[in-house]
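Using the hints, position chain B against chain A.
Protein chains in written order, with the numbering used here: chain A, 78 to 572; chain B, 16 to 538.
These are calculated hints, taken from the structure and not from any lab test.
Misleading hints may appear alongside valid ones.
[Claimed, not checked] So, partial list: chain A residues that the calculated Cβ filter (under 7 Å) puts toward chain B:
id	residue
1	Tyr180
2	Gly284
3	Leu285
4	Asn290
5	Ser422
6	Thr423
7	Tyr427
8	Asn447
9	Tyr448
10	Ile452
The beta-carbon is built from N, C-alpha and C at its ideal position, and this holds for glycine as well.
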Amino acid sequence: MDKVLNTNIKNVFRLLSENAITPPILTEAALNRAKQLAKYNAFIALTESLAKNQSKQSQERYNTKKPASEIDGLPITIKDNFCTKEVATTCASKMLENFNPTYNATVVERLENAGAILLGKSNLDQFAMGSGTVDSIYGPSKNIWNYQDDENFHIAGGSSGGSAIAVATGICYGALGSDTGGSTRNPASYCGVVGLKPTYGLVSRWGLIPLVNSMDVPGILTRTVDDCVSMLNVVAGFDSKDSTTLEKPYRKIRLPNANKMSVKALKVGIPKEYFNEHLTSEVYDVWNEVANLLENDGAIVKQVSLPNTEHSIVCYSILNQCEVASNMARYDGIEFGYRADENESTEKLYATSRSMGFNEVVRNRILTGNYFLLIRNYEKYFNKALKIRRLIADDFHKVWEDVQVLLTPTTLTTAPVYKDFVQKTNRDQCALQDYCTQPANMAGIPAVSIPIKLSQNGLPISIQLMGRNLSEPMLLAVAKYIENIVQFPHFVNRK
Amino acid sequence: MGLGKRIIFHSKTILPRRNYSKLSKNSPQWKSVVGLEVHAQIQSETKLFSGSPTKFSSPVNSNAALFDISTPGTLPVLNKRCVEAGVLTALSLNCKVNPVSYFDRKHYFYADMPSGYQITQQRAPLASNGNMEFHVFAPGVHKTCYKTSARIKQLQLEQDSGKSLHDFDKSLVDLNRAGIPLMELVFEPDLVDGEEAAALIKELMMILQTIQTCSCKMEEGALRIDANVSIHKDGEPLGTRTEIKNIGSVRGVAGAIKYEIQRQIKIKENNGTIVNETRSWNPEKKITVPMRDKEVQQDYRYMPEPNLPPLHIGMGPVENGFINADKIREKIPELPEQIRCRLRETFGLTSEQSIILVNDFHLLRAFEESISGRSISGTKLANFLINELNRALNQMDLELQNVKCNLKYFGEILELIEASTISRATALLVTEELLKGNMDNPTKIVADKNWKQITDEKELRKICQQILDENEKAVKDYLKGKTKVFNAFMGYVAKKTDNRADMKKCSEIVKELLLHLENKRQP
Numbered sequence: 078m079d080k081v082l083n084t085n086i087k088n089v090f091r092l093l094s095e096n097a098i099t100p101p102i103l104t105e106a107a108l109n110r111a112k113q114l115a116k117y118n119a120f121i122a123l124t125e126s127l128a129k130n131q132s133k134q135s136q137e138r139y140n141t142k143k144p145a146s147e148i149d150g151l152p153i154t155i156k157d158n159f160c161t162k163e164v165a166t167t168c169a170s171k172m173l174e175n176f177n178p179t180y181n182a183t184v185v186e187r188l189e190n191a192g193a194i195l196l197g198k199s200n201l202d203q204f205a206m207g208s209g210t211v212d213s214i215y216g217p218s219k220n221i222w223n224y225q226d227d228e229n230f231h232i233a234g235g236s237s238g239g240s241a242i243a244v245a246t247g248i249c250y251g252a253l254g255s256d257t258g259g260s261t262r263n264p265a266s267y268c269g270v271v272g273l274k275p276t277y278g279l280v281s282r283w284g285l286i287p288l289v290n291s292m293d294v295p296g297i298l299t300r301t302v303d304d305c306v307s308m309l310n311v312v313a314g315f316d317s318k319d320s321t322t323l324e325k326p327y328r329k330i331r332l333p334n335a336n337k338m339s340v341k342a343l344k345v346g347i348p349k350e351y352f353n354e355h356l357t358s359e360v361y362d363v364w365n366e367v368a369n370l371l372e373n374d375g376a377i378v379k380q381v382s383l384p385n386t387e388h389s390i391v392c393y394s395i396l397n398q399c400e401v402a403s404n405m406a407r408y409d410g411i412e413f414g415y416r417a418d419e420n421e422s423t424e425k426l427y428a429t430s431r432s433m434g435f436n437e438v439v440r441n442r443i444l445t446g447n448y449f450l451l452i453r454n455y456e457k458y459f460n461k462a463l464k465i466r467r468l469i470a471d472d473f474h475k476v477w478e479d480v481q482v483l484l485t486p487t488t489l490t491t492a493p494v495y496k497d498f499v500q501k502t503n504r505d506q507c508a509l510q511d512y513c514t515q516p517a518n519m520a521g522i523p524a525v526s527i528p529i530k531l532s533q534n535g536l537p538i539s540i541q542l543m544g545r546n547l548s549e550p551m552l553l554a555v556a557k558y559i560e561n562i563v564q565f566p567h568f569v570n571r572k
Numbered sequence: 016m017g018l019g020k021r022i023i024f025h026s027k028t029i030l031p032r033r034n035y036s037k038l039s040k041n042s043p044q045w046k047s048v049v050g051l052e053v054h055a056q057i058q059s060e061t062k063l064f065s066g067s068p069t070k071f072s073s074p075v076n077s078n079a080a081l082f083d084i085s086t087p088g089t090l091p092v093l094n095k096r097c098v099e100a101g102v103l104t105a106l107s108l109n110c111k112v113n114p115v116s117y118f119d120r121k122h123y124f125y126a127d128m129p130s131g132y133q134i135t136q137q138r139a140p141l142a143s144n145g146n147m148e149f150h151v152f153a154p155g156v157h158k159t160c161y162k163t164s165a166r167i168k169q170l171q172l173e174q175d176s177g178k179s180l181h182d183f184d185k186s187l188v189d190l191n192r193a194g195i196p197l198m199e200l201v202f203e204p205d206l207v208d209g210e211e212a213a214a215l216i217k218e219l220m221m222i223l224q225t226i227q228t229c230s231c232k233m234e235e236g237a238l239r240i241d242a243n244v245s246i247h248k249d250g251e252p253l254g255t256r257t258e259i260k261n262i263g264s265v266r267g268v269a270g271a272i273k274y275e276i277q278r279q280i281k282i283k284e285n286n287g288t289i290v291n292e293t294r295s296w297n298p299e300k301k302i303t304v305p306m307r308d309k310e311v312q313q314d315y316r317y318m319p320e321p322n323l324p325p326l327h328i329g330m331g332p333v334e335n336g337f338i339n340a341d342k343i344r345e346k347i348p349e350l351p352e353q354i355r356c357r358l359r360e361t362f363g364l365t366s367e368q369s370i371i372l373v374n375d376f377h378l379l380r381a382f383e384e385s386i387s388g389r390s391i392s393g394t395k396l397a398n399f400l401i402n403e404l405n406r407a408l409n410q411m412d413l414e415l416q417n418v419k420c421n422l423k424y425f426g427e428i429l430e431l432i433e434a435s436t437i438s439r440a441t442a443l444l445v446t447e448e449l450l451k452g453n454m455d456n457p458t459k460i461v462a463d464k465n466w467k468q469i470t471d472e473k474e475l476r477k478i479c480q481q482i483l484d485e486n487e488k489a490v491k492d493y494l495k496g497k498t499k500v501f502n503a504f505m506g507y508v509a510k511k512t513d514n515r516a517d518m519k520k521c522s523e524i525v526k527e528l529l530l531h532l533e534n535k536r537q538p
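Extracted from the complex, chain A is given alone in its bound form:
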């Protein structure tokens, strides 16, 4: 059964269709593995009884030879900032510790309609504000690679760290993350899985508790590119509940076999601004290796420039904090969420509930964001940041005249050691972690991170591919091509 959990979606679907295994047995195995691997702290909560019920329903569909989709009966994991009906959705915060939504996020609804089994809600940084999955009231998630003990471990990356671990360990076949500045790709890179940030507007945000509305996208984490396509085909497409989704009908992606693909004449850009001073030589080498690999196979690889990359982080920081200040205003302890025991005045009730319900990171961003939005500062900060955002997007538009795809590292380093990482402020953590990933969110373009190889001390190193808006079919094809050549040694396949 363990082997089944470790394989890919296509194989499981075949086994289920042939009745070689059943959804309840598969679900049972996944739940058991989740419990065995509890030390990594991937989950905030397992939804055991829901999963078992869903697996029985799935069984009935297979019994009548009518599976809802190729992911019918497959255990999946949802980051705990997607609303799940009658299942607590905490955002890893005290504020929403007891929040039980009465509705499903659109992506959750679509996964359920496709027959997927919801195994549990995964850990994250509070309200997705972080890049380590270390700022959770449920404690940090722990990277599976090079794990020593409860104290000595590498960070999983974040903020979708829990989802990345759940996928890497074979507890589930796919997971939803969210990606605002790299929150899906960063943990994918550190945990050695595929992480896709789709084009802004391709996947509905209804039910995703927002961080930065104009940059948030639901992300997908899987072990293989093909699995990623299977998940994307289920969740993507217009949603009348999210006015920012693209109305153009989504066409399901089908990728050919890797050995039938070619990268001949594919124009690949290497943006020189991504040679950051903090880039480690190991990551640089892997980046270079992949570039050479593509060039050797006939791709045209050239250096390009995205001159405004260096401004991206500071610009992102301002926009992020402004939207956070606004989005967090609803958490006043009145309608839902944490309410402090305070009866002196409404104002005092707000203040106490908010200072107790949010951690320091959230409180800081709220304060700074409100400062930037004051009339006297609006032009100087928020509006300027919007202009720079436009310049960054323009950088990408210009580069697409020359190349079809950009090849960059996903992260500048391998996963940092937890104890070192938490020495830094959240701000510095994010500034460094999001460097390569965050410009894609500024521009709304799709980006995918794929693991390439392990470092000398056994940590995954990944690269990132970016393409123009809605270029997912091409981007994922190139990713699959590379994946097939590099044959990354997945965690589930270790001896």
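For chain B alone, coordinates are given in the frame of chain A:
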């Protein structure tokens, strides 16, 4: 029905000039400046950004969708009907509809504002630069009616807030109103007093009701008015203004502004300073009082609403955009001012008549139905409706809208008068008969009741002679020079004939008979 509910007046012309209010006449050195902001609830089945119903007086918190209670993860979806209503209103108020407008978040904490911000269009509104003309006439304040106008700075779409209910030790929140669609209309400070403001609101209400974009039921809060008031001396810059919030009736608008101007003048004349503050109108005591100012100098930290794309309005033949303004323009019905013009031009009504008829929807309907297909004088019909019909309604304590009779019948009465079939006095009797519920047509009523006017010369002469014969003493008095008794003769004639005699003819006949007697006495 109270007295004075209907305005009955007869002045001949409406001068297109601006009158200063009595108040400014009393203190000629002070000029008052008034600007209005109106929040009008858009008549729509569902809310601005959610699918919950908007029905008034639903059970508490029953009309609150997930979005309305600001459930995390929910997103706004713009209601097309509200945009159409906004565009229709903008076009009806001569505004320029902006091809692209945006939504903003306006932040403040309040228990009945669950998301901590209101979605509004402060910075790039749906429409701007409008203009509204209206007539001002308040008996006792203005000698004559005059026409003026106010510019509209902008028209924006926004959400309403919920309602807080305060008890001794706790507050409760009802979110039925949260997210109800509003149009905020910001007028330029082009008005001089409360009467102009009240007249503007009346005209606005008529327009919105005609185009059905707002019920204007002020008692339900469907229309709420804020007034900005300041005073200054001629030639000097505008004074510090105060804002009177949430005035809930048309007379309240006039009263609150009048009070506020007076209050400010009193302060200034005692060398005081006007404080820039928000006040509220107490309709019982008829005074404005400062509101407990929770947040002085509030910075709303506006930010673009990231979950709503820019709102595109199509113009011209292009099909792009959410809705097309030109197609909506074609749907604008005849507006009150256009109706007034038509009444004047087609039927020769006076300005006052046209104003009165348009002010009273049911009276206007009676006019339109009565005149259609008949060749009767429009002015006479209008006068009959405005005076006789209204008087009868007042006396019988009825409302025209509750009367079941066929409105066309009033035209028939006019025809009967014009053909001298009945007298004016009989016309009133027929009218009362109709109002009492007689379903027959006036011709039949007149026939049944034997109310036909007596016009036969011979018969009238007989009646008049009889009257004179029966009142010998009075005739003697008359002949002695007491000509006043002539009216008494007329009264006797009317009484004797149950008001059926053609009084004009009788008057001539009686005069002739008396002259004849006089001649006989002086051979």
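Hints versus structure:
Nearest Cβ of chain B to the Cβ of A/Tyr180: about 6 Å, under the 7 Å cut. The hint holds. Taking 7 Å as the C-beta cut-off, the interface hint given for A/Gly284 holds, the closest approach to chain B being about 4 Å. Interface hint at A/Leu285: satisfied, since its Cβ lies 6 Å from the closest Cβ of chain B, which is below the 7 Å cut-off. For A/Asn290, the interface hint holds, the least distance from its beta-carbon to any beta-carbon of chain B being 4 Å, beneath 7 Å.
The criterion of a C-beta within 7 Å of any C-beta in chain B is not met by A/Ser422, whose closest approach is roughly 10 Å, and the hint is violated. The interface hint given for A/Thr423 is met, as the beta carbon of that residue sits about 6 Å from the closest beta carbon of chain B, less than 7 Å. For the restraint placing A/Tyr427 at the interface with chain B, the shortest Cβ-Cβ distance is roughly 6 Å, inside the 7 Å limit, so the hint holds. With a least beta-carbon distance of about 6 Å to chain B, the hint placing A/Asn447 at the interface is held under the 7 Å criterion.
For A/Tyr448, the suggested interface contact is broken, since its CB lies about 9 Å from the closest CB of chain B, more than 7 Å. Against a cut-off of 7 Å between C-beta atoms, the interface hint on A/Ile452 holds, since the closest Cβ of chain B lies about 6 Å away.
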